[in-house]
Amino acid sequence: MKIALIGASGNAGSRIAAELSARGHAVTAIARNADRIAKLPGVTPLAVDIADTDALVSALEGHDAIVSAVHFTASNPDQLISAAKASGVKRYLVVGGAGSLEVSPGVKLVDTPQFPQEYKEEATKGGVFLDKLRAETDLDWTFLSPSAAFVPGERTGRFRLGGDALLTNEAGSSISFEDYAIALVDEIETPRHSRQRFTVGY
Numbered sequence: 001m002k003i004a005l006i007g008a009s010g011n012a013g014s015r016i017a018a019e020l021s022a023r024g025h026a027v028t029a030i031a032r033n034a035d036r037i038a039k040l041p042g043v044t045p046l047a048v049d050i051a052d053t054d055a056l057v058s059a060l061e062g063h064d065a066i067v068s069a070v071h072f073t074a075s076n077p078d079q080l081i082s083a084a085k086a087s088g089v090k091r092y093l094v095v096g097g098a099g100s101l102e103v104s105p106g107v108k109l110v111d112t113p114q115f116p117q118e119y120k121e122e123a124t125k126g127g128v129f130l131d132k133l134r135a136e137t138d139l140d141w142t143f144l145s146p147s148a149a150f151v152p153g154e155r156t157g158r159f160r161l162g163g164d165a166l167l168t169n170e171a172g173s174s175i176s177f178e179d180y181a182i183a184l185v186d187e188i189e190t191p192r193h194s195r196q197r198f199t200v201g202y
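With full-length UniProt numbering, you'll find the sequence shown wraps up at 202, consecutive numbering, no jumps.
Accuracy of the hints is not assured; some may be wrong.
To be verified - Cross-link-like lysine to any residue pairs, in silico, SDA-like; alpha carbons within 25 Å at most:
no.	residue 1	residue 2
1	Lys85	Gly62
2	Lys85	Arg32
3	Lys125	Asp164
4	Lys85	Gln117
5	Lys120	Gln79
6	Lys2	Pro77
7	Lys125	Ser75
8	Lys125	Asn76
9	Lys85	Ser194
10	Lys108	Gly88
11	Lys90	Ser58
12	Lys132	Glu61
13	Lys90	Thr190
14	Lys125	Lys39
15	Lys90	Ala55
16	Lys125	Phe198
17	Lys90	Gln79
18	Lys85	Lys132
19	Lys132	Ser87
20	Lys132	Asn169
21	Lys125	Asp49
22	Lys125	Ser82
23	Lys132	Val57
24	Lys120	Asn76
25	Lys39	Ser58
26	Lys125	Thr53
27	Lys2	Ala86
28	Lys2	Thr112
29	Lys132	Asp164
30	Lys90	Ala183
31	Lys125	Thr190
32	Lys39	Asn11
33	Lys120	Pro105
34	Lys90	His25
35	Lys85	His25
36	Lys108	Ser173
37	Lys132	Ser194
FYI, nobody ran anything at the bench for these hints, they're computed from the structure.
Generate coordinates for the entire structure from the input sequences, incorporating the hints supplied.
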């Protein structure tokens, strides 16, 4: 498949690019600084300022799916969604956040007393992005939330999937960037969560 990956040089984006490359997909890897994108088979780096909507639409056109792996505080959800729609690409997958996941019925992680203040703005804006997608009728969107701790680690291929509730185990709530990338690329290849949010964790 031909995949456009926005934010390909970031923590999640770089692992997603590597996973797509390993599975033989053709990736247009979009970042502000193309020099920061790893050189991988099938991956074509492309420098684009995502705030330039016309340039972004041009970069997205002609792909089978778009993956957005940019920080919510560094992007505008309305502009990204509009660019995806204008590109004519129907499938739009978003690297989500854990803050909007529920820890109990009706209680989101971001609203709990122990949620770190330094991540609150990013988490809140992630929730806004999800709400905008849920109101979207033209795009075939998917929003994949990681667990609370989203960290560098191993590619084990051993993880669980869930819905709107935070996944936890005896060690807490976590997922590596590497295993998250597996779950996201699995969803690209075999869609099971059309117009849904789902989550991945150990």
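Run through the hints listed earlier and report the numbers of any the structure violates, in increasing order. 4, 10, 14, 20, 28 and 31
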